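Trainee: Below are the chains, spelled out letter by letter.
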Amino acid sequence: MATMRYQQAIRLAMTEEMERDPNVYILGEEVGQYQGTYRVTEGMLQKFGPERVVDTPISEIGIAGMATGSAMVGLRPVAEFMTWSFALEAMDQLVNHAAKITYMSGGRIQCPVVFRGPAGVGTQLSAQHSQSMESWYAHTPGFKVVMPAFPDDAKGLLKTAIRENNPVIFMEHAGLYGVQGDVPDDTEFLVPFGQAKIRREGTHCTLVAYSRGVHICLKAAEALAKEGIECEVVDLRTLVPLDTETILTSVRKTHHAVVMHEEWKNVGFGAELSARIHEGAFDDLDAPVERVGGADVPMPYAKNLERAAIPTDADVIAAVKKTLA
Amino acid sequence: MAEIRMPKMGDGMEEGTINVWHKKEGDMVTSGEVIAEVETDKANVEISAYETGTLSKIVVAQGQTVPVGEVIAILGDAAVTNGGNGKNGSHAVSDAKPVSSEGVADYSAEEGTTTPVVPEKAEPTLVNASAGTRVSGEEGERVKSSPLARRIAEDLGVDLAAISGTGPNGRIKESDVRAFADKGVAAPKLRPAVESVVSTVSAKPAVEVARAAAVSPMTPMQPVAAGEDIKPTKMREAIARRTVLSKTTIPHFYVTMIVEMDRALALLKELNVDATDGKITVNDIIVKACAVALGKCPEVNSTWTPEGMIHRYAEANIGIAVGIEDGLIIPVVRDCHTKPLRTISSDAKALIVKAKNNQLVPSDYSGGTFTVSNLGMMGADEFIALINPPEAAILAVGAAVREPVVGANDEIKIKTRMKITLSADHRLLDGVSGAKFLQEVKKGLEAPFSLLS
Chain A
58 MATMRYQQAI RLAMTEEMER DPNVYILGEE VGQYQGTYRV TEGMLQKFGP
108 ERVVDTPISE IGIAGMATGS AMVGLRPVAE FMTWSFALEA MDQLVNHAAK
158 ITYMSGGRIQ CPVVFRGPAG VGTQLSAQHS QSMESWYAHT PGFKVVMPAF
208 PDDAKGLLKT AIRENNPVIF MEHAGLYGVQ GDVPDDTEFL VPFGQAKIRR
258 EGTHCTLVAY SRGVHICLKA AEALAKEGIE CEVVDLRTLV PLDTETILTS
308 VRKTHHAVVM HEEWKNVGFG AELSARIHEG AFDDLDAPVE RVGGADVPMP
358 YAKNLERAAI PTDADVIAAV KKTLA
Chain B
1193 MAEIRMPKMG DGMEEGTINV WHKKEGDMVT SGEVIAEVET DKANVEISAY
1243 ETGTLSKIVV AQGQTVPVGE VIAILGDAAV TNGGNGKNGS HAVSDAKPVS
1293 SEGVADYSAE EGTTTPVVPE KAEPTLVNAS AGTRVSGEEG ERVKSSPLAR
1343 RIAEDLGVDL AAISGTGPNG RIKESDVRAF ADKGVAAPKL RPAVESVVST
1393 VSAKPAVEVA RAAAVSPMTP MQPVAAGEDI KPTKMREAIA RRTVLSKTTI
1443 PHFYVTMIVE MDRALALLKE LNVDATDGKI TVNDIIVKAC AVALGKCPEV
1493 NSTWTPEGMI HRYAEANIGI AVGIEDGLII PVVRDCHTKP LRTISSDAKA
1543 LIVKAKNNQL VPSDYSGGTF TVSNLGMMGA DEFIALINPP EAAILAVGAA
1593 VREPVVGAND EIKIKTRMKI TLSADHRLLD GVSGAKFLQE VKKGLEAPFS
1643 LLS
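Chains as they are written, first to last, in the working numbering: chain A, 58 to 382; chain B, 1193 to 1645.
This is chain B alone, in the form it adopts within the complex (with noise of 0.2 Å):
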């Protein structure tokens, strides 16, 4: 007799939906058989069983969403056939009640060993109720906060999903509390996770200033003008999540230079005549400049940590903004700065292949330190792109494009010229030292051959 949980697949990953059971209920299932496949935020996983059983009681149905931590299935002894009998014990598998239309299994309390959901109270505070906001303290959904500011928060009815968090770790602290209740806002302050890249942990209280701002807690709602609702997707959620953090506590600034793409062009062009698997595109070489550049600049490999210190990492390792259907993801290619063009190349190519197939897994898009995001291909000529915390910055690369230029003799030259525009984070960098970045990423492109050594 063993319980089925929604398993945390990525230090973000907070909840799940069942997009496939492949499994019904009364089926045998060995041990490490693949059961079902979960959408989390960022891909669709499988979920295997650990022990071999019979799929007693499905409890969280296809499509439905739950938080990490749920019951999803219950999976008896091999001998116990569907409903269970009384060889189960205490554990009435047919008393397991169906999903509840918020994607919370309400189980009775006599289940003894699952905890007892507090039903989803209406709330008059809550914003956006259908789109799954929760009551804090839920499972599965933990807000951190200290006891004092829950208990504020209750006095006060001030939800504390809405609030955001200060104290360590994004604990929502007594201060936070009165802050929101006073202004509707709490005071926003950058608490990303260092160690996870595309972590949702750290997006949170983000996405509750976002919230907080949209509609203070004071001012009901305003019904809205017709149209349709679309639940956004989990990936379009993280999206949500994720730039709202960036763009509301990453003072950000830009920087753009030109740069002459001809003989990275003509290099391009040698490097790749006998390519076979996969030519080395102009993407790459431009991560491989940024490598380097990052070695040069260390400044801008680095952090602002939630202690407030700066942390420079030691390697380089720079993801690669990948758009595929409804959002975007970004794989990060791993030690930059130790590897050679041609193996940046084929790992990128890996690496976007399983992108565009929902198969990336949490170690392939977690522990950036950089970003490059490339519309060049999309015709953009230039654009800025939003940071992807915890870094410092990203690279926003446009078309690379035959124009005449004005010589040194004041002839007209036609050259291959691309803008990139570096966003980068006030806190770590400074006009300067974002120019110096970009110049060396310019001596790289402009004199590629250094960049094979």
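If we strip away everything but chain A, and leave its shape as in the complex, we get (with noise of 0.2 Å):
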């Protein structure tokens, strides 16, 4: 066990999966010589070399397609978007050719391949750069979808989304890419898809989150926790496949629920949260669940007025005492 930062949990996950299968290898703008924007794949090129550290053309269609192309005839990529806001370019090869490409082979092509790079909001990067689009993927047949919220949950998922045979999309977020914590040295230390985790045990209202939502929810429920007032925290680490019964199971025990994202409200994957919760535990619920979510507009830029767009543990606390009252 070693302390370490969630972005160096994310490097020694690639490094160590690169280390026990010659197939896997990384591709993406700056990933080699300037070792990444965010320094997550810092030194990777001297230890692995260029055939495995490829840096590529600013293209992300191009480095979505050759990452696909590759998966597809054996190969196990880990290709880098700078952030997640420039994969827009590449929709194309991701939805119609990534996720979709099993299905249409009739399971005769695999497509394991990884996507990756930093996704959320924040940091005054404004309309283009600071939005969390986790529920386009989500929406998508054909994708994992993980989003994991510390360092130790950073290295086992990725080390599993390399193993998996399926197109992962693997979003970190800049935002935790300085949060430390204790991660395991086993180079089998997997996790599993679709086990949520509880990350604190309550009995009044079940939150619901995933990535930077989960810190957030946890500040949240630390502040209602001296009101009396004890949460749930469940940290779903995946939002495709979704845990639903460790949801549903929190539920039944606390009634309430508030399901919390930074992306929009409005058709974000909190409604999806919502709506299942709704569909399996309707009995259980002892007020409708609540949502919290980013406000419905393009990022603004100005420090004040991003910081009303983003929701905060403030809005979690509000949310809570709503479905509680």
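Derived from the structure by calculation, the hints contain no laboratory data. It should be emphasised that the depicted structure is a prediction, and the values quoted were computed from it without experimental measurement. A portion of the hints provided could be inaccurate.
As the list claims (entries may be wrong) - The calculated lysine to aspartate or glutamate pairs, modelled on EDC-like cross-linking and capped at a C-alpha distance of 20 Å, are:
| no. | chain 1 | residue 1 | chain 2 | residue 2 |
| --- | --- | --- | --- | --- |
| 1 | B | Lys-1336 | A | Asp-340 |
| 2 | A | Lys-310 | B | Asp-1347 |
| 3 | A | Lys-379 | B | Glu-1499 |
| 4 | B | Lys-1336 | A | Asp-341 |
Claimed, not checked - Listed below are several chain B residues computed to face chain A (Cβ distance under 8 Å; list not exhaustive):
| no. | residue |
| --- | --- |
| 5 | Pro-1339 |
| 6 | Ala-1341 |
| 7 | Pro-1360 |
| 8 | Lys-1365 |
Using N, Cα and C, we set each Cβ at its ideal position, and we do this for glycine too.
Combine the two chains into a complex, taking the hints into account.
Mentor: Set out below in structure tokens:
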């Protein structure tokens, strides 16, 4: 067990998997010589050489196409998008090719590719670079969608992603790269997909979140505990597959739920979570499920407006109190 | 082919009674034509057809009461005759069953377009079933409750209709069911409908508090002594709900003040010297004085909202309690703060005439922010009134009486004096603010020319 940052845990996962399997390789903009915009791939070019750490031209559609094609013929690419906002350039490769080829080939072609990079909002990156679009991918059949909140999950989930035979959307959070945590040294430490984790136990209200939302919910839960309100925080870890059962088990205990994410509230992943809870635990609910999400606007640049557009622990606290009213 | 349903003719309306069918089965009905008269808890209202066709089936007979939304009649195509035929498609009109004794149409499941009604279970915990207590969850008298509360209520054998909900919009929550089961009474908590004064929606929980308090579900009701059981009218039921809500959920306090009315009466005499179409009454000038006082004391023109906020109204809409046959109703004179005395008077007159003729429409008696109740003409010296939720206060006006008064120099003078008593919601007002309001009313009535500006 070693203490390391989220960003280092991701590097460790890739390093271990590249050492284990020669078919694993990295590609993306500035992943090699520049060692990654967020230093995630630091030292990897030196360690594995230019054949396995490939600096690409500035073309997301090229990166996604190359990754998908090479996965179809047997490699296990880990493609980095400098941010997930840039992946919009590659949407046709992602949605129409990577996600579908296994189905369209009747299962004869597998596509074991991982697309990874920073997502999430904040730090004044403004409308085009500060957005969280996980529900686009969760909505598309064929993808696994992974959004770790802690360093150990970042390692264990990325290793599982690299060994997964279907395309994986692996969304990191730029705001979490510096978060420290204990990470197992075990090279076989794998976190399975579809298993949510209870980050905090509670009896009054279930908070469902992922990625940085988990940290926001934990902060809210801590504040609420001082008022005698005990929240149970469910960290989804993977959106697809979704561990509905853990959510429902918690809601059956607390009878109240708040779902939270940074992406836009309107038609966001929280709507899916809310619907699943209503479908699966209707008779256990003592109040409607509350949703907390980002303001439905392109992210403003101005710091004060940005702060107003991003959901906070105060928003979660207000939602919890509303559902408990 | 169309179903005619019991319309909702006001926020508080939950059910209606068919007073009279103006049409019989087989009659042709044209769109807009009046087909029936319905009695609600507030008024008798005529129902018109929205389509042209043949009244192929009367589902709810005269005198029967059904919840809002229930099918009361079926309108066939113009060419279709009574009873329907194959052309009516799956809609087997002739199969529509008669109304059950509870006033609920007992449709068979294959009706398809109507919701099958769960037959009323014999509920040992239910009180006063003959007065129309309903099984919770039944169409038309929906009790708002969380799914969990419903499940627990079922497990515990508690009737949700008997529980007062403390959640948003009066929703019954798990804690309400458990509190009820534990104590037999739910914790009362005011949830008035801010926008609708005469709404019975908010009244619902309170009557159930009363029911619950009267007879705990754990103790079977004792047989009553001999006598006569009278089914209350809709209005009586509404009054019962509203007054229980008021007295059980609003912390009333009372302040009385004496007003010398000589100058006001003299002014009225002069104002009415050439009156052709109705005189300005004492009550009118009291309403005007209240409107002016409300302007000076906005805290009286307010409400305690379900969210626990104090809402101050922008307008002074003053209700006037009007006694009518077997009950009372409170039509509202709108925007009294902007209307001159003569307009208030003519508005009030028109509303009182409508009230006595059962012609008030919901907009006439909703949206009040303050109420005046006057029993002076009945010879009452003074009385205290119950606040009309969700308002903050009501003014009870006694008779103006000539009586001896000790003057400043110990001389005895004859004055015409009137006692007014404010009932006020202590959540919003205190003794001082209540007295201050009465002082303003008194000031206006004792210097009545100020009310003419």
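Trainee: All hints, please: hold or fail.
Mentor: Hint-by-hint comparison with the structure:
For the proposed pair Lys-1336(B) and Asp-340(A), the alpha carbon gap of about 14 Å is at most 20 Å, so the pair holds. The suggested pairing of Lys-310(A) with Asp-1347(B) holds, with an alpha-carbon distance near 17 Å, which does not exceed 20 Å. Straight-line distance between C-alpha atoms of Lys-379(A) and Glu-1499(B) comes to about 11 Å, which keeps the hinted pair within the 20 Å bound. Taking the CA atoms of Lys-1336(B) and Asp-341(A), the gap is near 15 Å; set against the 20 Å cutoff, the hint holds.
Here the hint on Pro-1339(B) is kept, as its CB sits about 5 Å from the closest CB of chain A, short of 8 Å. Annotation: Ala-1341(B) was flagged as interfacial toward chain A, and the flag holds, the nearest CB pair being 7 Å apart, inside 8 Å. Evaluation of the Pro-1360(B) hint against chain A yields a held restraint, the C-beta minimum of about 6 Å falling below 8 Å. Here the hint on Lys-1365(B) is kept, as its CB sits about 5 Å from the closest CB of chain A, short of 8 Å.
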